[in-house]
Amino acid sequence: MPKLKAFRTPACPEEVAALVSGDLIHLSGVVYTARDAAHLRLMEQLEAEQPLPFPLLNQTLFYVGPSPTPPGKIIGACGPTTGRRMDVYTPSLLANGLKMIIGKGPRSPEVVAAFRRYQAAYLVAIGGAAALMAQCVKKAQLLAYPELGPEAVYRLEVEKMPLIVAIDAQGRNLFELGPEEYAEEG
Amino acid sequence: MRELNVDQVTAAVAQLSIEACRYLGEDVRALLEQARAEEKSAFGCFILEQILKNLEVAAKEQLPICQDTGMTVVFLEVGQDLHLTGGDLTMAVNEGVRRGYQEGYLRKSVLTPLSRINTNDNTPAVIHTKIVPGDRLKITVAPKGAGSENMSRVKMLQPADGIAGVKQFVLETVTAAGGCACPPLIVGVGIGGTMEKAALLAKEALLRPAGSSHSDPAVANLEKELRVLINKTGLGPQGLGGKVTALAVHIQTYPTHIAALPVAVNLQCHVARHRSLLL
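These protein sequences, in sequence, are chains U and H.
If you're matching positions, the first sequence starts at 27 in the numbering used here and goes up one per residue.
If you're matching positions, the second sequence starts at 35 in the numbering used here and goes up one per residue.
Hints were generated in silico from the structure; no laboratory data involved.
Note that the structure is a prediction, hence the values are computed from the model and not measured.
Don't take each hint at face value.
[As the list claims (entries may be wrong)] Below 25 Å or equal to it, Euclidean Cα-Cα: the simulated DMTMM-like pairs (lysine to aspartate or glutamate) are:
#1 H:Lys142 to U:Glu183
#2 H:Lys87 to U:Asp49
#3 U:Lys29 to U:Asp49
#4 U:Lys29 to H:Glu95
#5 H:Lys87 to U:Glu210
#6 U:Lys186 to H:Glu95
#7 H:Lys201 to H:Glu230
#8 H:Lys164 to H:Glu37
#9 H:Lys189 to H:Glu238
#10 H:Lys258 to U:Glu207
#11 U:Lys31 to H:Glu238
#12 H:Lys201 to U:Glu210
#13 H:Lys258 to H:Glu37
#14 U:Lys164 to H:Glu67
Whenever a hint applies, use it, and build me the whole structure from the sequences.
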């Protein structure tokens, strides 16, 4: 089992570029949330050259739509959502300085190439382990698009969130390398 | 004739929605434990351990197991000798969903399909009703997340495609879904009937006790064989490589037309939720 490495965000570009597909990290620091509807808004604002609700440069995006926060808690269940649905938006966000994305599931070849081109990384959280991930969130602040409900943008401060580096800045892709290693002839 | 006030239906649906989202059945948990013992990949084992730990945290913290608390699929088996009183059954079910999702702090994920406007209370539910003998009402609430639902497919095969065609389609569906459907999966397969019947059979297959075998030995063999084939893909937990991609394959069949062979594959992630109550 690869050793869990501590990793802080926002990270400098060199640290992100040094991540290797198959690394297991404990991420601490700031991440911003956005999923389908928020991406549409972000793209509209980028095209209109309007300021975004949060900076992209060297930042980390988390594909999540948390369940509502019960009284006395910081956040509801908050596991990752499928990355593939955001494939159409990802290259533009990476071109604008975004460095890491947390999601689940494989990405298109175009997006893998974009991670390489922009020296960025795709980190995988465990889909469905959402109550566990909520325990890693120490602060949650609503930043934008409250009308989108579960799709609103939040700024989260997280501590020791366990993540697997799936696609690295060299374009290595654990979604291909992993299954290849374990596949058997039918 | 036995009477049942639909207020009881509302209360039951609310309770079942919350319970289904917080507590996984022991059958699924047992399969996850078994998967952890069988898995060879280090990442796969790590993922399965985290998935099992998550179940404990969800119960302890009274949080949903997964933030995607789904579109609420409700199965009603209504006894033909039962008289429902006090209002509209569909409205009563939807009121139960509204209440359960509000009171249980469950995510409201339902919206109008084209204008994408959230209904803000997770209604309407998808309701499947069957009239059955007797005077009872069985309610099953099965919240279905979009991660695995999005990767599900229906295909109208040709009779000449036969069992080999069925196997190929199931394998193609699981492979195309990859890590998106959150494996390890329970794979529901509906074979026969018409297009919509096959889809419903596949969904109903997911309600069977996880890991149970079909009563027809030929179908049970096909289930076993498909599970082995799926696990040979090497996709593994979360699609990152490993031995356990399917926890179970459940097949339901129904007679079909001489010219037809409809097959539906309804993928279910490891958060295989459903709760039932008999009123």
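Return the numbers of the hints above that this structure violates; sort them in rising order.
4, 5, 11, 13, 14
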